[in-house]
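Since the structure of chain A is already known, use the hints to place chain B on it.
Number of protein chains: 2
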Amino acid sequence: MNLDSLYSELTIPTKAKLALIVLDGLGDLAIVGQGEITPLEAARTPNLDAFVAQGCAQGRMIPVAQGITPGSGPGHLALFGYDPIEYQVGRGVIEALGLGVQLKAGDVAARANFCSLDPKGIIIDRRAGRISTDVCEELCGILSRGIKRAGPKGSEVEVIIQPGKEHRFVVVFRGEGLAGPLSSTDPNREGQPIAIAKPENEKSVAQVKTAKIVADFYKRALPLLAKHPRANGFLMRGIAHQPRIPLFQDRYQLKAACLAVYPMYKGLAQLVGMTKIEGPKTIAEQFERYLAEYDNYDFFFIHYKYTDKAGEDGNFEAKKKAIEDFDAALPILLRKKPDVIAITGDHSTPCAVKGHSWHPQPVLVHSALSGSDKLERFTETGSNMGSLGVFKAKYLIRLMQANARMFDKFGA
Amino acid sequence: MNLDSLYSELTIPTKAKLALIVLDGLGDLAIVGQGEITPLEAARTPNLDAFVAQGCAQGRMIPVAQGITPGSGPGHLALFGYDPIEYQVGRGVIEALGLGVQLKAGDVAARANFCSLDPKGIIIDRRAGRISTDVCEELCGILSRGIKRAGPKGSEVEVIIQPGKEHRFVVVFRGEGLAGPLSSTDPNREGQPIAIAKPENEKSVAQVKTAKIVADFYKRALPLLAKHPRANGFLMRGIAHQPRIPLFQDRYQLKAACLAVYPMYKGLAQLVGMTKIEGPKTIAEQFERYLAEYDNYDFFFIHYKYTDKAGEDGNFEAKKKAIEDFDAALPILLRKKPDVIAITGDHSTPCAVKGHSWHPQPVLVHSALSGSDKLERFTETGSNMGSLGVFKAKYLIRLMQANARMFDKFGA
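Listed in order, the protein sequences are those of chains A and B.
Position one of the first sequence corresponds to residue 110 (the numbering used here), numbered consecutively onward.
Position one of the second sequence corresponds to residue 110 (the numbering used here), numbered consecutively onward.
If you're looking for bench data, these hints aren't it; they were derived computationally from the structure.
Check the hints yourself; a few may be wrong.
Where chains are identical, the list cannot tell them apart; a pair therefore holds if satisfied intra-copy or between any two copies.
Said to hold, decoys possible - Mimicking DSS-like on lysine-lysine, the simulated pairs with C-alpha atoms at most 27 Å apart in a straight line are:
#, residue 1, residue 2
1, 483, 390
2, 418, 385
3, 418, 274
4, 307, 321
5, 446, 126
6, 229, 445
7, 390, 414
8, 126, 463
9, 518, 124
10, 463, 483
11, 430, 483
12, 501, 321
13, 501, 483
14, 446, 463
15, 501, 518
16, 390, 274
17, 126, 262
18, 364, 518
19, 336, 257
20, 446, 336
21, 430, 414
22, 518, 307
23, 124, 312
24, 126, 483
Next comes chain A alone, as it looks inside the complex (with noise of 0.2 Å):
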């Protein structure tokens, strides 16, 4: 029998309330000689040490599988519960959520960049020279205005550009019958003509047919930017369709709301049926928001980003500063105290590593039921002595679950 089927079949509907809090990247790594601390560690954190002594458990993450660093799009998807391996969300689903496109089941998305084109046709430059984003901006918009659908006479599709930094811009084709992936459009060097992007499977009527419109999409496209002196092409990768993910509602019984500030993760949110709060700027003002939607809502995603944006730039003390400002602010959200709550990370953005990284994240779960590990604070280090142990990530979301006691006996 399927796990998931067996969860869910032990599922049980129930009033609780449940908080997931995400400091993006928040794992971090003690090196020796740089005073063998983390950020977490050096923070000080009153407010989240106070709230470690009302008793949780702790653990370790790991976020795919042992040594993947996943990109936000997989690091989320197993916070929501949903095997990232199993559910891939393709490049240009992802670069679309990122710049706020609003997608929809069956949408096809595509990273896009301009190149430079010789006369003939041959790419002389991929990124035509990293033109600035204003002028991206201003190519996106000529194509926006010129092409507001593609695709052979009669099976015509509604196209979507989106600017986004530099040379870069997203695609998306949204109708009827659409399917990824398609092979990229880019040869990956100078000195070829634009590839033409072909179908993964080409007994996919789907994908097939979507091929087509990309190929009449550059037909439409490239005459609307000949004259430009540098960015007269343009090349796509990950040309893959929104893939359909068993909504989070359905799975968990569990009406969900995301508190985000970045686009990015409203958009992965919306991929599994979370409905998008706009408004909150700060961590201050989500945490607000949450005590304002508390009943309408049951379960609660809410993410912080600066943790992360510290950690790629390799930046210790700003990523010290962010948790601190989360710390701050943590005593709103517990004026209602959640019966569940989870911190923790989409993965570990270690300052070392000025990037995304395998190291498995440090998580956090109190609940009336959670007992408590013991432990003073809640750090790297602490919790590789906690109850939870080393665990997939996409277990989180069933633990916190079973802290609400939403699932039955199973068995006699």
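Here is chain B on its own, set in the frame of chain A:
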């Protein structure tokens, strides 16, 4: 999607040097009433302690599955990153490797032992009165000289016979189109005739062919032994071919060398395609040779036998001494510190068990990005508090690759 495929897809070759140091049977038990301390905990290990202080991640590894005690074959295959249940190596193959027979892919190997038959061919002693190793060598010499090839006319194959300890020896059949497994010829009790080796799968042409060759081998061999008063027959078990295992280099993008003293471990390394480096007889010499070969390989498997030997003898002091001897040699390795070092066992061989056991072995991983678990030493009790948790041994190499920054990010 298969996890191994994902790892392969994400693999980026680097110039990192990785060293896997296996203290065979390292793990042990703290027994109340016997000092409640393990040999690793009791040993004076100033060099290892100083190395730990440079920062490492620790944990414990389950060699195969909860409660399973592995032989050296599964223990090492797991360390080499192969699921030991998926990739099973026949006992005949392991025995042949242990006796130093250089196997080729497709060879069929069997464990054999002399037995005593009555005039009607009924087994009266399954171990031939445990004849001495000298007698075994003499009889194997008679068989070797008398039988170079076996099999029905036109499909004869090469036969290699290698004596072992007491009544034991191995037989290897080498030729085209052979395969195991075949059933044992040992009826497992006296009073029965020698059984016929039968194909496990009767539809396998190769197994059927191999069964005929084994039958013909018996026809040629028994007359040569007829005059011996006790060892006038023999039984064959674990008749299987060397499995086709994906090559280490293809799987991990690492050119690997084996620095082992005992034939079994050289053989296991060769099974996965590592280069066997001959010569060193002590751990100091193995480390010296590592220094000399530093530029020639990416991955070094360095095997140390004496911890296991002492454990098998139940000799706590000898095991402790073996660890101290290892510690004394460690600085040689560290003269050119590998980028990633893992120190562990292939399983536990607790003195109290006097044999292999299922207890998770401690493991330590050190790299610039391993982080520090802030443990003062490398011990069983300490490793329980490490950031790696308790995990399956087959993932160790993936963690080592991650520490070598050999994996691209998964997803965006």
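Tested hints:
1. With identical chains, the CA atoms of residue 483 and residue 390 are never at most 27 Å apart, being 35 Å at best within one copy and 37 Å at best between copies.
2. Taking the shortest alpha-carbon separations for residue 418 and residue 385, only the intra-copy value of 22 Å comes in at or below 27 Å, while the best inter-copy value is 46 Å.
3. Taking the shortest Cα distances, residue 418 and residue 274 sit within 27 Å of each other inside one copy (16 Å), while across copies they are farther apart (62 Å).
4. Proximity of residue 307 and residue 321 under a CA criterion of 27 Å is satisfied intra-copy only: 9 Å inside one chain copy versus 52 Å between copies.
5. Taking the closest pair of Cα atoms, residue 446 and residue 126 come within 27 Å of each other only inside a single copy of the chain (9 Å); across copies the shortest separation is 50 Å, beyond that limit.
6. Taking the shortest Cα distances, residue 229 and residue 445 never come within 27 Å of each other, neither inside one copy (66 Å) nor across copies (53 Å).
7. Proximity of residue 390 to residue 414 under the C-alpha cut-off of 27 Å is restricted to the intra-copy arrangement: shortest distance 11 Å within a copy versus 55 Å between copies.
8. For the identical chains of this complex, residue 126 and residue 463 are inter-copy neighbours only, at 22 Å across copies versus 35 Å inside a copy, given an alpha-carbon limit of 27 Å.
9. In this assembly of identical chains, the alpha carbons of residue 518 and residue 124 lie at most 27 Å apart only when taken from the same copy (18 Å versus 39 Å across copies).
10. Within a single copy, residue 463 and residue 483 get their C-alpha atoms only as close as 32 Å, which misses the 27 Å cut-off; across copies the closest is 22 Å, which meets it.
11. Proximity of residue 430 to residue 483 under the C-alpha cut-off of 27 Å is found in both arrangements, the shortest distances being 26 Å within a copy and 23 Å between copies.
12. When the C-alpha separation of residue 501 and residue 321 is checked against a cutoff of 27 Å, the pair qualifies neither within a copy, at 40 Å, nor between copies, at 47 Å.
13. For a Cα distance limit of 27 Å, the shortest separation of residue 501 from residue 483 qualifies both inside one copy, at 23 Å, and across copies, at 23 Å.
14. Taking CA atoms no more than 27 Å apart as the test, residue 446 paired with residue 463 passes between copies only; the shortest distance there is 24 Å, against 34 Å inside one copy.
15. In this homomeric assembly, residue 501 and residue 518 come within 27 Å of each other (Cα to Cα) both inside a single copy, at 22 Å, and across copies, at 17 Å.
16. For the identical chains of this complex, residue 390 and residue 274 are intra-copy neighbours only, at 22 Å inside a copy versus 60 Å across copies, given an alpha-carbon limit of 27 Å.
17. In this homomeric assembly, residue 126 and residue 262 never come within 27 Å of each other (Cα to Cα): the closest approach is 51 Å inside a single copy and 58 Å across copies.
18. With identical chains, the CA atoms of residue 364 and residue 518 are at most 27 Å apart within one copy only, with a shortest distance of 23 Å there and 32 Å across copies.
19. In this homomeric assembly, residue 336 and residue 257 come within 27 Å of each other (Cα to Cα) only inside a single copy, at 21 Å, whereas the closest approach across copies is 80 Å.
20. Taking the closest pair of Cα atoms, residue 446 and residue 336 never come within 27 Å of each other, the shortest separation being 60 Å inside a single copy and 57 Å across copies.
21. Only within a single protomer do residue 430 and residue 414 lie at most 27 Å apart by alpha-carbon distance; the minimum there is 13 Å, versus 50 Å between protomers.
22. In this assembly of identical chains, residue 518 and residue 307 lie within 27 Å of each other by CA distance solely across copies; the values are 25 Å between and 50 Å within a copy.
23. Proximity of residue 124 and residue 312 under a CA criterion of 27 Å is satisfied in neither setting, with 47 Å inside one chain copy and 42 Å between copies.
24. Taking identical chains as interchangeable, the C-alpha atoms of residue 126 and residue 483 lie at most 27 Å apart only when both belong to the same chain, with a minimum of 24 Å there against 37 Å between chains.
When each numbered hint is compared with the structure, violations occur for hints 1, 6, 12, 17, 20 and 23.
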